[in-house]
Each structure stands twice: as structure tokens, then as C-alpha cells.
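Engineer: The primary structure of each chain is shown beneath.
There are 4 protein chains.
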Amino acid sequence: MLSSTLRTPVPRLARPLLARQYSSSAPTIGFIGLGQMGYNMATHLCTKSQSPFVDTVAKFQDENANATAASSPADLADKASVIVTVLPESAHVRSVYLGNNGVRDGLRKNTLCIDSSTIDTSVSIDVSRQLIGLGARAVDAPISGGIMGAKAGTLTFMVGSENAQDYDAAKVYLERMGKNVVRCGDLGAGQAAKICNNLLLAISMVGTAEALNLGVRLGLDPSVLAGIINTSSGRCWSSDTSNPVPDVLPNAPSTNGYNGGFKSKLMLKDLGLVANAAKDSKTPLMLGGLVESIYRHLSNQGDMAEKDFSVVYKWLAESQK
Amino acid sequence: MLSSTLRTPVPRLARPLLARQYSSSAPTIGFIGLGQMGYNMATHLCTKSQSPFVDTVAKFQDENANATAASSPADLADKASVIVTVLPESAHVRSVYLGNNGVRDGLRKNTLCIDSSTIDTSVSIDVSRQLIGLGARAVDAPISGGIMGAKAGTLTFMVGSENAQDYDAAKVYLERMGKNVVRCGDLGAGQAAKICNNLLLAISMVGTAEALNLGVRLGLDPSVLAGIINTSSGRCWSSDTSNPVPDVLPNAPSTNGYNGGFKSKLMLKDLGLVANAAKDSKTPLMLGGLVESIYRHLSNQGDMAEKDFSVVYKWLAESQK
Amino acid sequence: MLSSTLRTPVPRLARPLLARQYSSSAPTIGFIGLGQMGYNMATHLCTKSQSPFVDTVAKFQDENANATAASSPADLADKASVIVTVLPESAHVRSVYLGNNGVRDGLRKNTLCIDSSTIDTSVSIDVSRQLIGLGARAVDAPISGGIMGAKAGTLTFMVGSENAQDYDAAKVYLERMGKNVVRCGDLGAGQAAKICNNLLLAISMVGTAEALNLGVRLGLDPSVLAGIINTSSGRCWSSDTSNPVPDVLPNAPSTNGYNGGFKSKLMLKDLGLVANAAKDSKTPLMLGGLVESIYRHLSNQGDMAEKDFSVVYKWLAESQK
Amino acid sequence: MLSSTLRTPVPRLARPLLARQYSSSAPTIGFIGLGQMGYNMATHLCTKSQSPFVDTVAKFQDENANATAASSPADLADKASVIVTVLPESAHVRSVYLGNNGVRDGLRKNTLCIDSSTIDTSVSIDVSRQLIGLGARAVDAPISGGIMGAKAGTLTFMVGSENAQDYDAAKVYLERMGKNVVRCGDLGAGQAAKICNNLLLAISMVGTAEALNLGVRLGLDPSVLAGIINTSSGRCWSSDTSNPVPDVLPNAPSTNGYNGGFKSKLMLKDLGLVANAAKDSKTPLMLGGLVESIYRHLSNQGDMAEKDFSVVYKWLAESQK
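Chains as they are written, first to last, in numbering that gives the first Met the number 0: chain A, 0 to 320; chain B, 0 to 320; chain C, 0 to 320; chain D, 0 to 320.
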């Protein structure tokens, strides 16, 4: 059903029929931020929901029969009772929700606002509280899983909410876009969990690159060494699932010229969120600060910013001349 | 059989009987380095081998019927055709094998020398080559698994050898002391694999401590956060098997006052071997250098040197006043 | 004159007489931010200027005959043609100038706004540009020299301005509060120069602490070693002027229990500004990131946050148990 | 006198005449290690001493009338009562003094051994103690000042000695090769002072590079910023004497394509000595470890290992694409 919808846009005259399928109680869903991630997520949500859907991208409306246009976040908020946003940075989230002609200007009572952007924990909490103060419900639900997961509908959502009811309400919609939804705690907890995981991910990846590079320099076969590490105390996702040394794992980005995967510039962005959260909470980071420095440095080298973040192995090893 | 042997020493007069059981071709095994690790390993090897065994510790001879005394490494080498050593540092390995009254002075042709110490890769290679030059066979086989593994006989051995035959020959004996024996490559490869794994282990542990400490400071429940990380891209042994936050895992050293496990001072020793190998091979380490600095710093704080290396969480978090 | 003024407040009736001394063309000076730094600076500026002075602190008005009260930044801006501000953080500068009842609301054409706060370069530039857009003149002029320098009137001002005229206009007033005024470049250049100096200062101080601690651990007399360094290529302000080892220099904060001087928490604040500027400009920092981590860590240890930043020596050396 | 000697080798027949000038009491000086540094030092020492001189380089003997050949360190020790050595690494010092046919084999009672190599503090102490045990006198006297200083005879010597008499005895000869001789303490203290200074030097240089690079990225003129730093608390040798940004200082290596000066590979060698000393003394280094990592990394980039160590600015800034 989904795939056919995607292949051949439903003719416009078919719409009334589809519309009739909606149960009278079907909520209208609004979606803002149809970028690479968002477009795939919105497609899952729209087709699986079979309820009125509002967004701001004509192409999406052409491809999804039950999707209609909103002229602005305010207009969208006026039409929808559930709003999902997937935006690049803190400033976008603030302006889409609270700026001129933003969601706030059209917000209805009890509307459920689900922000799946990865942004500053402090900004996420602030925006959610303001929306709640205006009579809406708000949760933060950042994503893990990347574009592949968005296409496959297998994303993980880390959710922060004021209470269990808001979490349960959001879960219904998040499960249409992913397969793993977990409540992390109060407002902002989703953001906090996301950046803590990515902090450890970045450290593990650089550490894996250092350990394998040392092994190679000492004459070990990287596949043999990885095999040992993966059954020992050094094992981690960066070694057993996305190994940074080309040809150790056939499907790892490193084997594909460090293409696909999670771009260094995006990891650097998340490490910036980590730095802000650490500063706000007066939390000392040692490796975290250095890893940010390393990704800052390599992101200025050639095209490394656009490569999967496992390219740090190349940054380390290519220097061996 | 093992346990009863340990409980009630076999009376001396029982020895001749036992001795008769040996097949005429049974090689005599020599063992040097009966410390906490070595004693347990030697007990497994001695009892499972049921062949003549030579060592230098009276207590061991009292507890193991087929064990007899050697007066020195040279005397032991004169009696044994298989020699296993488990020693603390490079200098000990060099002197036990090549020093005055060392193994070299009693070495027989084709004796198989298995060094299970964790020492400098360059020293390990040098000593092995000299033994081979003298007509013996030599492999490096450092251990992973700790004292618990030594007692249970579940150690992992990472083996470096000149050829497959020497590896196969050593495997027979190593399997009596552990359950996982893997060939890593040529001479020194066992040492190299061991320190590469421990480098990544140290980095992962400090990274896990930083990520969980940040999460706690941001208001997350460490068990909830660990649960998320363990099913996400941040997962690693340090998070899912030996979590550094007390009470996240019931059996982790952190939950037991950071007792048991792998002492910080031993991790610091291994990181020193990493630093030497990196210097010799001109390999840049970024996180590796910093992690060594951190363990150097905390090893001078109170009793942290004697605690499991996951105590780095305490070093980070206790500062939060 | 200054000192007597400070000792015995001029009776209120004396004011008209003093007032008559003003040349008709004497500009009215407004001052906002009479904290430890600001109060001393304002006293120099007020007494040396002998022109109408406006501020918001009654005590200051009691102690300075030509000082009168302003009810708000807007009221002050309405009365003054030169405004000097010394505020703690970016948010304060933004709200004092551009917030409700802020300077903007009373601003006169061509008023010269001199902000001597140390804040984010990007915020400084933004606020200055907005003030200029409103018809005023604005320069950033952060301070080096500390409270001692503020009392003695020996401060250094690092100035960023749109053009030389604005710099020259500000210089007249800055020279009444300090003895060294230097133009660093365009708007924000003063802030940039200040944080670049303090970045290097922090790195040099931690480096000096590491080098001297290593020397002491190797058996050297810290005074002998400092003497050698101070005539060699390692010499720096942190070694020859504010040595972190107690008793090497009689007047260094370290010799006075790390009291006086520049508090660790203030250095940490400046390193946060460095981190923001580095992120905004995509500039990799290696030592800079680690030094921030170190000051974050020690600022959570006992009372180190309140001690001179040379206390990092204690943080390193006290661990030597 | 020196220069003419260098320009036109003294004809052999001149030797007897020169020889006659020697006071009967003139000690014979032996010199081992006539590399780039040593050759220039030996030339000063030989010509200024006007006493019998023994070495192992024919070219030197051709150029210096009173220099005669020694066939080995042992032969040289047999002829000389003062021995100066300038060797690359710990292993060379150990073998030249204590190896086969080494100094030890020809050593005379009370011979003064002056080792001006920069090597491991622990090795330096060990070799000196063994020589003293054999009846000789020994001091460590590593050098600061580089090849330029060796040619000009303006070197600084950092001396470690058992007592003041040995220091005074060595000073006589060191002053003929340099202009600044300072006693740092007991045996090994010269080595310790040298590496502590170079540790701080390396940290200051990388810190200066980071601070100036940040300033440039923020739009500052590096010369203006350097001028401010050099009169502020950030001032250090790396900023005011060997600034790493090209064209800030006309005579700095950076302005000459990072040629001349102190090669990165030599700084990396000294940082390796620092790491060994820190490990032996259980001293935590934070910036020191990271700076070694940075020089390890850049030393593998193109020809940076051969460039002045201020090239770290290029390593940082060139990445800004």
C-alpha cells in the first residue's frame, strides 16, 4: 500500500473517497520539516495513519492523497491536533513554534506537539514549557537510526515528557515511524539521552580507530584484531557493527569510501550540543572535549565533513607516511 | 579432581603411584610465576596434564602430587620440555629467560617456551627470537580474563607465533588453562592484540563514565540511560557488562565498592605498554594519551589505584560538589 | 582629591558649586555595572572627568559629588551622551542595552556606548550593530588587569570599533580608568583579542604547573627550575610573574594560599567564551578544549573555583600521595 | 682565531710549535659525538683550550692542529682526563661509556666525564653512578640553544652533579662552548631541567598557535594580536621570540618556511623523554600527553617532522578549508 502510493501518486479525484474512510474522530496530523529524514518519516506517518494530514510541501501532497497544504506553521497549527517537527537546529525549533506566524499563533487547546529534532536540551525544555503554558501538550522525541531507518520505518525514538499520558499519546504516532520508542524521563530527557549516547558513540569510534590503527602499525591484520576485540572487553558498536577500517565489514560505510552512515559534520553538531549541556550542568568532560576538537579538525580537511564519522580512522592512519 | 586436590594435599607417599600413570612420552612441564594468576593457571595445567610438573613453589608441590621442585629457571629448563611463564613486567621476563641462571642456561633443544606475561611487544619479540636462536620454540600468549577466569579455567589467550606448528603445540597446554585460544599473528602479535584491546577498553570505560555522568547531571536515571545506550550505537562492554555507575548492574565491581575486577594500577601499566608501542611504531594516539593521563592522575588519589578501573566514574562524578 | 572625596562624602549642598565648574560643553557620562570592577572604574572616571555623571547606585552618588541618580538604563541613556557598561555576561549586556526600559529606549543620537564587559564576541558585535543602527556609536572595550588594576587605574583596554574616530572618542574616557588602551580592529575585535589572550594564558598556566610539578617529582627545587625556565624558551607570564608553586614568588597568589588574582571560575567563564567563538568560527582547539575540561573538573573540587587559577598546580600535585 | 682556524686548516708542520705552547699541566680533552652540534662545540673547546685534544674524526683533526686521533672510546679514555660526549639517544650514551671497547675500558682515575646529550634522566643517572663507581667523576650537562648557539658559542648548559666541585670542574670547559652554565641539582638534574623546560616550551608553542589561529579566524591581524599578547598575561617565548605565524616576526623560522630552528622530530623526541620521566615518577601530565600526541600526528604529515616545531600552527590552520 505504502510502496504503491509512493510509486504512483493517487489521482486528485480519488481524494473524496479516501477522505470518507476517516473515522469522524480521526485527528488531523501536521508535519513540519520534510527534509531527508522528515520526508520519509512523514510518508510512513501519513500512509499508516489514514487520517487528515497537513504539511507545507506540494510534492508530498501530490504523493499522499490525504495530505493537504498549510500556508504556515500557524495555519498548520490551526488545522491539526497533533504536530510533528523534525528541524535542524535549536533556532529553527524556537522560531517554528514561537516565532511570527509560528505554531503558537494557531495553536489549539490540547494539541500534542512532538518535536523530533536533536537540539539543545535547555531550548527543548524551554519551548515545551511555553507550549504547555499555552494549553498544549509537548514531548521531545529525538531520533536514532538515520535515513536508512527513516525509510525502513525502524527508527528509535527517545522521549521526554511531563507525564506518562503524554508519552502514551505520542507513542501511537511514533510507532508508525519507528519500531523502538522509549521514555527517558521528564521534558528534555529525550534530548539528554540522545546526546549522551552520541557522546559515547563518538568516543568509541575514535577509540576504535586508534586501537585498530595501532594494531595495523604493529603488524596485525585489522580483521583478525577486530575479531578478537569483538569477543573481548573492547567490543563496541563501532568495532562490531560499523568498523572504521575499510574491508573489515562488508556493509560498513568505511568499506564504501566512508559514504552513507552518519556524517562527521552531524556528529560534530551533536558534540556541540554535548558541550552546551556540559557547560550548563557544570559537568567535566575529558574525552568528550578532545573528541569534539578532533571532529572540528577533520571536518576542515578535504571532504571529511561529508563522510561517515568513522572517517576519523583515515584522519589518523593517512598521516602514516 | 582439581578441587579435591586443592582441598586435601596428596600425601607424599602417593607420588610414586601417580608417577607411574605417566605415559613414557609425557613431556615435563615447567611453570615460572605462581602469583595470583599463575598459581591458578598452574593448578589447572598440572592437574589436567597428569605429566611431570616442575616449579619453584613448595606450597604448590605440597598441593599437587606430580609437581616437583626446581632450584632455578636454569634447573627448571634443564628438566622441562615445555615452559610456561606468567611474570609482571618486561624486565622479569628478560631476566628469567636470559639472565644469570636463567632458562637459557638450562635450555634444551626444541623446548616450547610459552610466555603469558603482558609486556612490551618489542621485548617479547626480542626474547622469543633469542630463544629460537638457541634452538628452542617460543610463543607469546598474554591472557585476558582476570583472576576469576584463571580460577575457573576460562581464560582467553592471544597468541603470537613464528608458525602454525608452534601455535598448535602451545594450544594443547593453553586449552588446559583457558577456553579461548586465538592466533593473532607472528611473534609479538599476542602482545599487540592484548594492548590494542585494552587501549579501546580504557577509552570505552572513561567514555562510558563521561556519558553516564553527563546524563545523571542532566537528570536522567543512570539505569534508564544505560538501558538505552545498551540497545543503541553507544553500547560497549563497559556499559552493558561492567557499568561504572554503582547499582546499574548488580554484579559489576562498581556496585561492590569498585572492588574485584581489573585494578586501575594494572590498566595504567597496560596503557604504559600502549604508549611504548605507539612511540616505537610512530603511531599517533589522541584519546589513548589522555586516558593514560587520567589513570595516572586518579591512581594518585586515595586508594583509586587499587580499585577496579571503572572507578574513573567516581573520579569524574565525585567532583560534583 | 579622589581619596578625600572617598573618605568624606561631599555634603549635598556643595553640589551646585561643583556643578558650576563644568564647562557648558562637558558631556554627561552614564555608568552601568558598579560591581567590584565597575565601582573602582567609575570612581576614577567620575572624579577625573569633573563632568555630570549618572548612575544607579546611591552609595556612589553619596561618595561622588557630581554623580546623580538614574532610575533605569533608559533614564540614564536619556541623560547621558557617553555610556560605559561593565556587566557579567552576554545576557546582561543584551538586556541592559536592548531589553525593556533598556538603553535603547532612551538613547540619544551619537551617544557613545562603551561596553567593557567580557562577553561572547558574536553578541558584542550584534548589540553594537543594533545600537549603531539606532544612530548611536558603539565600541567593545574589555578589560585586562583585574580589581587591583581597577583600583590603581592601571587597566588595559582592548578596543574594537567601526572606525578610528569612535576609538579616539572612547580612548579619552578609557584613559581615565586605565593606562593602556589599544585598538584591536573592528567591532568585536576587543572581545576576540581578550579571549585569545586568556586562552593562551590558561594553557600556559596549566603547562607551567605540569612542568614544575614534573620537576619537583624528579627532585628539582621549584625555585631553581623556575629560574632556569624564566631565562629559557619556556619562559612565560605564568612562570615569571604568577608562578603557581607556593613560595617561588613572594607576591604570587600561590604564595598567598591561591587567594587574590584571577579566580578559576572566571577563567572557566572565559574559556566558555573561547569555546563558543571556536564553535562559531569552526576553529579547532586541542589544548583549549582540554584546559576547559580541567578547569571544569577542578572548579567542582572543594573551594578551587574561588581560588586563583594557578591553583591548577595544587589540583595536579596534591594528587601525589 | 677560531674563524681563521676554520677557514684554513693549520698545516701539519705547525703542530709541534702549537704543541709546545701547552702548559705541562694542561689536561688532555677527549670528545665523542661530532655531529652538527658536537662538531661546532668541539671546535670552540679545542681552540679555546689550547691543550691536547683527542677525538675520532679525521676531518676535525685536519682542521684543528692540537687534535689527534683515538681509535675507540676506550682508547680515547686512556688518553684523556676530561671527556665530553654529545650523543643522540640513551642507548648511544650507554654503549659509548659502558659498552664493549667503551670509555669504561680505558677509564683513568678521576677522569671528568661530561655528558651533554639529552637522554632519559634515569639512564643518565645510572651511567653517571657507574662511572663514579669506577673512580671517575661524572656530570650531566644537556644543552639549550641549538646549532646556531653551538656555532656562536652561546649555548646554555643545565648541569647535574654529585657535588659543587664536579660542577666547578666541568664549568671551566662548558664556558668555552657556551655563555650560560647553571647547576640544577644532583646527578640527572640537568636532564630533568632540560625536559621540564621543553615540555613547557612545547605546550606554549601549541597554545600560541591555537590562540593566534583562533584570533585570525575571528578576523584579527595576527601581528596586532601578537603585539597585545606580548604585553599581556599570555606573553611567552613562543609568541614574542619565535612566533608561529609567518611574517609576524621577520627572523622567526615560521617566516622562513618553518626552516631553521628546532625540528618537530626533535621536539617529539624530547616529549618522549618527558613521557618516560613522567611514567617513572608517576607524575600525571594532561597537556603534556596531548602535545606529544599532536607532534606524533604532525610528524607523519608530509615534511612537518623536518620543520621547526612552530609548524604546529600550519597543522592547525591549514585545515581551515
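A portion of the hints provided could be inaccurate.
Since the list can't tell identical chains apart, any single copy or any two copies may satisfy a pair.
[Claimed, not checked] Lysine-lysine pairs mimicking BS3-like chemistry, simulated, CA-CA at most 25 angstroms apart:
#: 1; residue 1: K268; residue 2: K47
#: 2; residue 1: K178; residue 2: K47
#: 3; residue 1: K78; residue 2: K178
#: 4; residue 1: K264; residue 2: K108
#: 5; residue 1: K278; residue 2: K264
#: 6; residue 1: K264; residue 2: K150
#: 7; residue 1: K47; residue 2: K170
The set of hints was computed from the structure by calculation and includes no laboratory data.
Engineer: Would you pick out the hints that fail for this structure and give their numbers low to high?
Structural biologist: Of the numbered hints, 1, 3 and 4 do not hold.
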